[in-house]
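Asks: Numbers 1 to 92, taken from the numbering used here, label the letters of the sequence shown in order.
No lab work stands behind these hints, which were simulated from the structure alone.
Every residue gets a Cβ at the ideal spot worked out from N, C-alpha and C, and that includes glycine.
Any given hint could be a false lead.
[Unchecked claim] The following label-pair restraints were derived from C-beta to C-beta distances:
{"hint": "1", "residue 1": "L63", "residue 2": "R15", "range": "38 to 48 Å"}
{"hint": "2", "residue 1": "G45", "residue 2": "E77", "range": "14 to 24 Å"}
{"hint": "3", "residue 1": "S10", "residue 2": "L73", "range": "14 to 24 Å"}
{"hint": "4", "residue 1": "R83", "residue 2": "R14", "range": "20 to 30 Å"}
{"hint": "5", "residue 1": "G45", "residue 2": "N74", "range": "35 to 45 Å"}
{"hint": "6", "residue 1": "P13", "residue 2": "G88", "range": "18 to 28 Å"}
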Amino acid sequence: MRLAYARLFSDAPRRGDGLIVLTDLARRAGFYGVPSVAAWKAETGTTEGYEINCHELNGKRALFAVVSSFASLNESEMLRLERIARFGFAEE
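Can you build the whole structure from these sequences, using the hints too?
Replies: Structure below.
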């Protein structure tokens, strides 16, 4: 992952680095899903902080949307990105 980021922002990116980085950004931004209150409570033991977390994720998702809008991904690549971001793998 680190190599993909380093190569992507260098003069020598490799094919696939962009998709790796976008997938990581989508996952970190929670782009394809926000935890429910129940999931938040199960993980943290409280509902405290849930609303703030949602606001933070909204900002991250907005930023991911801007970055990904500049990517030249076809529909198949976008679906693959979503599967990897959501489930950690892409069905081939």
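Asks: Now look at each hint and say whether the structure bears it out.
Replies: Now the hints, each set against the structure:
no., hint, in the structure
1, L63 x R15: 38 to 48 Å, "violated (25 Å)"
2, G45 x E77: 14 to 24 Å, "violated (39 Å)"
3, S10 x L73: 14 to 24 Å, "holds (21 Å)"
4, R83 x R14: 20 to 30 Å, "holds (21 Å)"
5, G45 x N74: 35 to 45 Å, "holds (43 Å)"
6, P13 x G88: 18 to 28 Å, "holds (23 Å)"
In the structure shown, a violation is registered for the earlier hints numbered 1, 2, in ascending order.
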